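Here is how the chains run, residue by residue.
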Amino acid sequence: MINIISKAQIKSVNQGVAITGMGIMSAIGNSVEETLSSLVNSKSGIEKIKYLETFHKDNFVVGEVKLSNDELIKLAGIGNYNRTTMLGYLAVKEALQEASIVDIKEARTGLISSTTVAGMCHTELLYKGFFEGKNNDNFFDYHLNGVSTNNIADIFGINEFVTTINTACSSAANAMMLGARLIKNNILDRVIVGGIDPLSKFTFNGFNTLMILDNEWCKPFDENRKGLNLGEGAAFLVLESDKCVKEKNKKILARLIGYGNANDAFHQTASSPEGYGAELAMKKALTVAQISPDRIDYLNAHGTGTPNNDASEGIAMQTVFNNKVPKFSSTKAFTGHTLAAAAAVEAVISILAIQNNMIFPCLNRSEQMKNLSITPVDKLEKNVELNYVMSNSFGFGGNCSSLIFAKG
Amino acid sequence: MLEIYINGMSCISNHNTIDENYFFGDESSILSSNQLAATEPKYSDYIPAIAIRRMSHIIKMGLSAGMMSLKSAGLEKVDAIITGTGMGCFEDTDKFLRALLDNDEKLLTPTSFIQSTHNTIGGQIALQIKCNGYNFTYVHQNVSFEYALLDAIMLLKDRDASNVLVGGVDEITPSVFELLSRGGHIKKTEDLQEPIWKSTTKGYILGEGAAFFNLSAETSPSTYAKIIGAKCIQSIVDSDDLINQLNNFLSEIGVGKDEISLVLSGNSGDVITDKNIVDFNNQLNLPIAYFKHLCGEYYTSSAFALWLAANILKRQTVPSVIFPNYSPLSNVDNILIVNHHENKQYSLMLVSVC
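Just so you know, the sequences run in chain order S and C.
Counted the way our numbering counts, the first sequence spans residues 1 to 408.
Counted the way our numbering counts, the second sequence spans residues 1 to 354.
With the C-beta cut set under 7 Å, the calculated list includes, among others, these residues of chain C facing chain S:
| no. | residue |
| --- | --- |
| 1 | Glu105 |
| 2 | Pro110 |
| 3 | Ile114 |
| 4 | Thr117 |
| 5 | Asn119 |
| 6 | Thr120 |
| 7 | Ala126 |
| 8 | Leu127 |
| 9 | Lys130 |
| 10 | Cys131 |
| 11 | Tyr134 |
| 12 | Asn135 |
| 13 | Thr137 |
| 14 | Val139 |
| 15 | Gly183 |
FYI, nobody ran anything at the bench for these hints, they're computed from the structure.
Because the structure is a prediction, the values reported are computed rather than measured.
Ideal Cβ placement from N, Cα and C applies to all residues, glycine included.
With the hints as extra help, turn the sequences into a complete structure.
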């Protein structure tokens, strides 16, 4: 069993690994700067469907990256890749720029990406025609999960440790966790970690058949929440060893000091009512960080806006924090649920919160959830010093992960 | 230094590898089909009957192989479950995709969607054995299993887990076969007359299967072998580059080339994409054995190779069907597994006798 170290026992907080760069493409911006501007202005990126070709186009709102595939190709300038690779490439490029990494080969550099449906947005356009003998396109070569990772690794010349994770909607949290462990074990000096998921008819219809989509703006942690809004995007962070940081005298944006991975082992898609997997993930992250729960200043919740998730996660938070739950919000009403990318998108948002002393609100709320005694932050809060921020991500298959970021 | 032991394992493949006593007999190295379907176990021995009905082929294979490995290790619980799969749950993906395309996104049911995600196998194992521990799924094509294995080794070395269940699983579906076949990846039936290591024709023989392992830093009465190291290589320039990579790997793990008793080589039978591995093998000057005529080519075939290597080490027997220039080896102490997929994503694993 996991024991949380009491305050008196704590000798020193785990220093974790340094985060020196981040990049993001999502419904609220095509860069970290644009993302911050949307967050500060409480401007959601969730709108009527514009780019995804679907029967449901007029009936739902989603968080699309506000660029067509042609516009993405032009912006990326790397040739003709699918949306998955282009979104990922642009986010990795921004992260590397911020981390001032020009020469990949000067240190052992890895790439850990994550995605749930990878090239599905491309596959679904050609699939039927292929099997009806109308086309012979080799889309399968671009379909599999590792492809966008390999493309990005090739473009930047990364070949040390290149891999892809799919633990559904917790994927990018696990990419970050693995990256931190590889640096701690001195297997890598630095590693680019994150996730990518473009919108596809496949995921849209999947979530729709599960009846967990809200066709209006989602309302995380509201009594009358109906479901989630899907989003798309990519976000990547650069993690570096202290040695790398010192050698180049780099600016540290924040530190990743805690991480926990657990399985709810309850149901393929639903979370247990008491949120046991979520509770374990949060407790493990606190144990790794070597901080007590009361040190957490803000929690960026998974908070999808589905009746099941928010109830289960809320109960787990009340358990972990012993009813002294820190300020919390879900930012999915800004970006939509970006699936595999969500934890990386929310890592960027958590770090922006730390850097700017702000808590970004839970949008669209009006009524307190009856089964919870806690209330999220629903107006932008400024001038709040955030030393430690926790971020949760949970997925199908019972996968639960939690991360803790500390001020740099 | 901490050592990593295989204390239990299981394998579902084209052959009767689900029988722990089976270890190949007089099988032919010439195949009659270009796809090698798995010989399935009696799933109800490992999965509650009510759950089996909804499960696709890959989930049944993965979950039952996981349960078989636990049984072989004499365990009911583990601290972590790590799965590798190159293609994930393709049967469910295909089913949901066709339904939505054929019905213009109307009248869909969620079952195949919720089981389509790659982590379903790891999630189902966790659910069945009520394992709340670390749970990860690697989906990096041909090195998905190797990355799962590297993660397991790191968990054990960091003492974050005492017992880890790690495995690789992939499935053949009619759609996958057609996609790969029309893409020119699969060997034509008329080109099957030669063994894969003497192939003069293009294409590989498609395979499927599941192999799981119980790993620990402690030995047990059921220990098969120990894993000395594993390495994934994104791409190689040529066979000399692969030799250099091998030399670096061997020096990292402190094993001399002359200590390798046998090489298990992942030749797929495609004359073009096997060129570098053939040249590499020729430069090694070591006994070379092959495995893809037994399991076929698939993204997690290296899990089959690891199962084969651990069995050889424990039994001290090299089945003649994998060893073309068969000559009895006095002692099999160290086995090197070299794998690749279409000249991409190479991997090296070294396994030793206990």
